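Given only the sequences and the hints, what does the whole structure look like? Please build it.
In the numbering used here, the protein residues as written are 1 to 72.
Simulated from the structure, these hints should not be mistaken for laboratory data. What you are looking at is a predicted structure, and each value in this text was computed from that prediction instead of being measured.
Straight-line distance between alpha carbons at most 25 Å, and here's what the computed SDA-like set of lysine to any residue pairs gives: (1) 51 <-> 63; (2) 50 <-> 39; (3) 50 <-> 62; (4) 50 <-> 37; (5) 51 <-> 61; (6) 51 <-> 36; (7) 50 <-> 36.
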Amino acid sequence: MALPGGYREAWISHRDPHGIDGEIVYHIRSYLDSWRVYHFHDTSSTSPIKKTADVDDNRFLLHDGANLAAFL
1 MALPGGYREA
11 WISHRDPHGI
21 DGEIVYHIRS
31 YLDSWRVYHF
41 HDTSSTSPIK
51 KTADVDDNRF
61 LLHDGANLAA
71 FL
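Listed below in structure tokens is the structure:
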């Protein structure tokens, strides 16, 4: 599938899922839409990401990154 330069990731959301590459576009968009983006902006010494965490708390990544080490 040819995408215009400089827009590879973002441009897929503007493709017509009923167009020539419809099935591919549909699956890629479904996959990308299932992702969650995490941004841990608090890197201070009191940040939850820098605190001690339970190693068994690893099933889901917490919103504040407090269990990042256990999760990874």
